[in-house]
Amino acid sequence: MTELRQRVAHEPDAPPEDKESESEAKLDGETASDSESRAEPAPPPASVDDTPEVLNRALSNLSSRWKNWWVRGILTLAMIAFFFIIIYLGPMVLMIIVMCVQIKCFHEIITIGYNVYHSYDLPWFRTLSWYFLLCVNYFFYGETVTDYFFTLVQREEPLRILSKYHRFISFTLYLTGFCMFVLSLVKKHYRLQFYMFGWTHVTLLIVVTQSHLVIHNLFEGMIWFIVPISCVICNDIMAYMFGFFFGRTPLIKLSPKKTWEGFIGGFFATVVFGLLLSYVMSGYRCFVCPVEYNNDTNSFTVDCEPSDLFRLQEYNIPGVIQSVIGWKTVRMYPFQIHSVALSTFASLIGPFGGFFASGFKRAFKIKDFANTIPGHGGIMDRFDCQYLMATFVNVYIASFIRGPNPSKLIQQFLTLRPDQQLHIFNTLRSHLVDKGMLTAATEDE
Amino acid sequence: MLFYIDDRYGDLDSRTDSDIPEIPPSLDRTPEILKKALSGLSSRWKNWWIRGILTLTMISLFFLIIYMGSFMLMLLVLSIQVKCFHEIITIGYRVYRSYDLPWFRTLSWYFLLCVNYFFYGETVADYFATFVQREEQLQFLIRYHRFISFALYLAGFCMFVLSLVKKHYRLQFYMFAWTHVTLLITVTQSHLVIQNLFEGMIWFLVPISSVICNDITAYLFGFFFGRTPLIKLSPKKTWEGFIGGFFSTVVFGFTAAYVLSKYQYFVCPVEYRSDVNSFVTECEPSELFRLQSYSLPPFLKAVLRRETVSLYPFQIHSIALSTFASLIGPFGGFFASGFKRAFKIKDFANTIPGHGGIMDRFDCQYLMATFVHVYITSFIRGPNPSRVLQQLLVLQPEQQLNIYKTLKTHLTEKGILQPTLKV
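Residue numbers (UniProt numbering), protein chains in the order written: chain V, 1 to 445; chain L, 1 to 423.
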């Protein structure tokens, strides 16, 4: 959104307050060459315009401002359509897409680091960055595979060994990278190398952990993946619309184009959207059921008895609303209540992820993370507000929705010693008897 | 000519190391009494004596705290963690001259508090399960622990975003990243150390002593026999010191493991007893800590003229730990040396006269704690039984019933549970 207005500001009738963004825009091309001598008088070349030719031709007769608007709009619709297609294709494709997005975001941020520090020539460093990405992904995917594909893993002997010593193997791989880094330190470039090392690790922390939490959420049920992401997208679009039509009071100095009207309007619109969307989706098993790996068919299945969250229940409307709507009770899915919490987070805290990314771009004098998507910037530009959402959903699910994974517990139980197993079994038994779930009669079944 | 808004920060990034001015050294903190006692010696021997005396002091302090028990050790680990964090953050402030940044010191300490709260909360939930079950408020805190920690962290994150000031964006992002990497290094390590400690004090003592021993013996071997330089990063280290240190550390670890394995105090997992409201280390020592006979391979048989030898199985593990301490531990030291050279500092701080800061002493320990933890979880023990139980009790009743039936079948098959016995 900010980028669009900045491009608009280049026109002759640009208000004077955009001077800073103008000078920033001029400086963009300088970023890659800031330490070299200032002998080059020529202005830096503009970034390559990625807009496909077909769009360029179709929109060639419109003015520059509307052309940008149309490009953005068309790309937005294209991305949303793409999103629907991959949802249709199923969990496996979604996982692959998440992984590709993660790799692209990592690449974008690391490239910015290289540009900032002019460290393309540093020995080994690109190899090391990708190696660390591989290690951390191996660690996380290994943990996920061990949890969710438990039976498959137990069957194959090599997989069993890999999973048993998984932490040790991952640690060894990481250590190798660490030692290679230490051995690659070159005398005059210590500081640069440490900066890139730190940069890589912080990027891994941000990008890789998020993507794995997204996949965990996905396994919980596709609705836990779709509703949060759609809420963030909706909030983005709604806040922009409300700001466009009603915006007056600026929200934060960091993003001068954002307004309080957009913020609050976006909040209410997103909550309503979340309620509607979850109502629609809760009806379908394919969205609501946890993703499971079926050993017999060797594929993912989403078939189950929907849990309590996804069964219609009657709720009494509080007196205040009763008089307004004229109904006594309403039938809702309990999940819709949770969706209010998710939408609230998406509208109130999600934007902080966006402010963080704006601050980052201003700090390093870049306009966009990259130029992958015409009109929008890089992949990271689209996903900056999603940043905190995935973690929140994961923590929310772990705290309020489900307890620990039962099959994982059984797996852990089986690795204990017999006396420990017996002790736990007896404690569980007395607990169940106390609760009345187990009586002496049912004991013998 | 075009300028940056934050020109000085741009220079910070892009200049080569030689252009960066050196940070002036901090004050000398050697106590007066030592100075007077050693005033007669030349400068070189004086430094040697100061280092020696401080080394012995630190080792004695270490023994004293071991004697005082696990709780004191935990407090010590926590203080060291806080001091290391403080040292590294102070270096960041000096490098970036960012003392005046609004909010930043508060935010760094706040993040430290959050991450510690998260980790200690997880530990407390695991190890103090019985204590926790009694108190209602604690139950609530434990159940929603992750959510509360995340909310606390988020509050810090939002405060950071709100505190971004126009001309200092880059600096603020640097300090944010610096803080997070420091937290990643120091706080996770210290909690892995405490997890190792709970496994049994021997898992805490043998690794740390192996690293210290490697430090000292590599130095001595290098001093007397050193000739071939090891790595450009630390020109004083030599191959002779490295290899000599390796062998001595393995022997030391082997011997220390033998001595410590006899005592229940060191060998038993630390448990919290609610009745006495303190930590106890009493148990039936596991198989690792019971003498077993091993038949010697033929070449050793000829040398030692014995058929078998009684060893604790733990001693075999101690060889793995000592090997790691001697071969990979030094990389932590090289990493810290590189870091000091990169930022043109001689020592992390001046806390310990003759040695530098706390971080200088603990740089080789950096990787050791993680290795020991990974080693224990992979090769020694399975998951923590009380944690499994705690998670079982949190499940839905129907799930508990299902698990109960599965377990019952499993245990009956294995013969652990007699089908006719009503326990």
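A portion of the hints provided could be inaccurate.
What the hints assert, rightly or not - For each label pair, taking beta carbons as the anchor points, the in silico distance ranges come out as:
hint : chain 1 : residue 1 : chain 2 : residue 2 : range
1    : L       : K166      : V       : D147      : 38 to 48 Å
2    : L       : E413      : V       : E292      : 24 to 34 Å
3    : L       : T412      : V       : F168      : 41 to 51 Å
4    : V       : K188      : L       : L291      : 34 to 44 Å
5    : V       : E143      : L       : E136      : 27 to 37 Å
6    : V       : D147      : L       : A320      : 20 to 30 Å
7    : L       : Y67       : V       : I97       : 34 to 44 Å
8    : V       : T249      : L       : S378      : 16 to 26 Å
9    : V       : L159      : L       : F247      : 32 to 42 Å
10   : V       : T127      : L       : E136      : 19 to 29 Å
11   : L       : L291      : V       : T209      : 21 to 31 Å
12   : L       : S278      : V       : D434      : 40 to 50 Å
13   : V       : T111      : L       : K166      : 52 to 62 Å
14   : L       : Y120      : V       : T209      : 12 to 22 Å
For the record, the hints were derived by calculation from the structure and aren't laboratory data.
Where is the CB? At the ideal position from N, CA and C, for every residue including glycine.
Here is what the structure says about each hint:
The beta-carbon spacing between L:K166 and V:D147, approximately 46 Å, falls within the hinted interval of 38 to 48 Å. Judged by the Cβ atoms, the range 24 to 34 Å given for L:E413 and V:E292 holds: they are separated by roughly 25 Å. In this structure the supplied range 41 to 51 Å is violated for L:T412 paired with V:F168, their Cβ-Cβ distance being about 33 Å. Look at V:K188 against L:L291: about 56 Å separates their beta carbons, and that is not inside 34 to 44 Å.
Remark: the range hint 27 to 37 Å for V:E143 to L:E136 is upheld by a beta-carbon distance near 33 Å. The hinted window of 20 to 30 Å between V:D147 and L:A320 holds, with their beta carbons roughly 28 Å apart. The supplied range of 34 to 44 Å is broken by L:Y67 and V:I97, whose beta-carbon atoms lie about 58 Å from each other. A beta carbon spacing of about 57 Å between V:T249 and L:S378 contradicts the range 16 to 26 Å that was offered as a hint.
The hint said 32 to 42 Å for the Cβ distance between V:L159 and L:F247, and at roughly 38 Å that hint holds. For the pair V:T127 and L:E136, the beta carbons lie near 54 Å from each other, so the given range of 19 to 29 Å is not met. Remark: the range hint 21 to 31 Å for L:L291 to V:T209 is contradicted by a beta-carbon distance near 45 Å. The supplied range of 40 to 50 Å is broken by L:S278 and V:D434, whose beta-carbon atoms lie about 29 Å from each other.
In this structure, V:T111 and L:K166 break the distance hint of 52 to 62 Å, their C-beta atoms being roughly 26 Å apart. Restraint check, L:Y120 to V:T209: a C-beta distance of roughly 21 Å satisfies the suggested window 12 to 22 Å.
Violated hints for the displayed structure, listed by number in ascending order: 3, 4, 7, 8, 10, 11, 12 and 13.
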